[in-house]
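Student: Sequence:
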Amino acid sequence: MMSTNANNQDYKEILSNIHCNELKILKEIDIICKKHNLTYFAVGGSVLGAVRHQGFIPWDDDIDIAMPRKDYDAFLKYASVELPDGYFLQSFFTEKQSPFYFSKVRKDNTKFVEYYLRNLNIHHGLFIDIFPFDNVPDNPILKKLHFKLCRFLYQLYLSKSLKTVCSSRFERKENYKTVIRKALHYLLAPVPKSFLFKLLDSSVQMFNNKKCKEISHIVRRRLRVKINDLYPIATLPFEDFQMPVPRNFDAYLSAQYGDYKTIPDEDKRYGHLPHIIEFDSQEEM
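In my numbering, the protein residues as written are 242 to 526.
Think of the hints as simulated: they come from the structure by calculation, not from any bench. One or more of the hints may lead you astray.
[Claimed, not checked] For each label pair, taking beta carbons as the anchor points, the in silico distance ranges come out as: (1) 488 x 439: 30 to 36 angstroms; (2) 488 x 299: 21 to 27 angstroms; (3) 350 x 314: 41 to 47 angstroms; (4) 430 x 253: 42 to 48 angstroms; (5) 488 x 386: 28 to 34 angstroms.
[Said to hold, decoys possible] Taking lysine-lysine pairs in the DSS-like style, the calculated list, with each CA pair at most 25 angstroms apart, reads: (6) 311 x 276; (7) 439 x 404; (8) 439 x 384.
As the structure is a prediction and not an experimental result, all values here were calculated from the model. Glycine included, each C-beta is placed from N, C-alpha and C at the ideal position.
Whole structure, please, built from the sequences with the hints as guidance.
Tutor: Written out as structure tokens, the structure reads:
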């Protein structure tokens, strides 16, 4: 096992190892989804990487995918028993200390410890995020109210799960938000975490029996896509893989990033490395 502080090893070498491991995870997810005819697609920077770089954004370190709710729920059921040895499905249902309202597939014998999670006794392996996407109401007022409700419940759930929640995943400094969340953590002590999860889960899904023009990971405003831009899902080269992406990826990326085709100047290329990272030295990259 090779261990390193993120600041003490060549950044490009670390990223290369991360990318290799994440592609292996992605391919295992893809096997299960194809076997059971489940829909998934890249979101955020993973779409941008596929379109602009035919793979990872060179300075980025992650892959994010999403699934419509029915496919997501089915994936959790199948993946919990079908992932091969060496991989772990992390969700509220498989690891009760997990603080996420989404799932991760993690790789054993590796570590990617995000600073704000450093004190949690959870699986910290390298991972891919899998976000459930639910219906967003078309009415703009209802959409805003729904987002605010779900975001509020999500903050309660996070505060219950974590003593400290930084305003970003890698921030070391406390601010007024972290002080408030610390206080909420103790105030919520009598409330079962399972109750908060179920309350959040039911609120997020409250419009899933309605027709809509957009689906989203409700608690994150930027993770959304219009139905007409999503289907039928396309594929684009992503390293040595064919990545599912929204059909109208140009409209999707323009809405997310504006002028997404222009590569940012070096001083605006934001990458991030974890508090602790480890790779399996016995494994071929």
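Student: Hints broken by the structure, by number, lowest first?
Tutor: As far as the earlier hints go, only 3 is violated by this structure.
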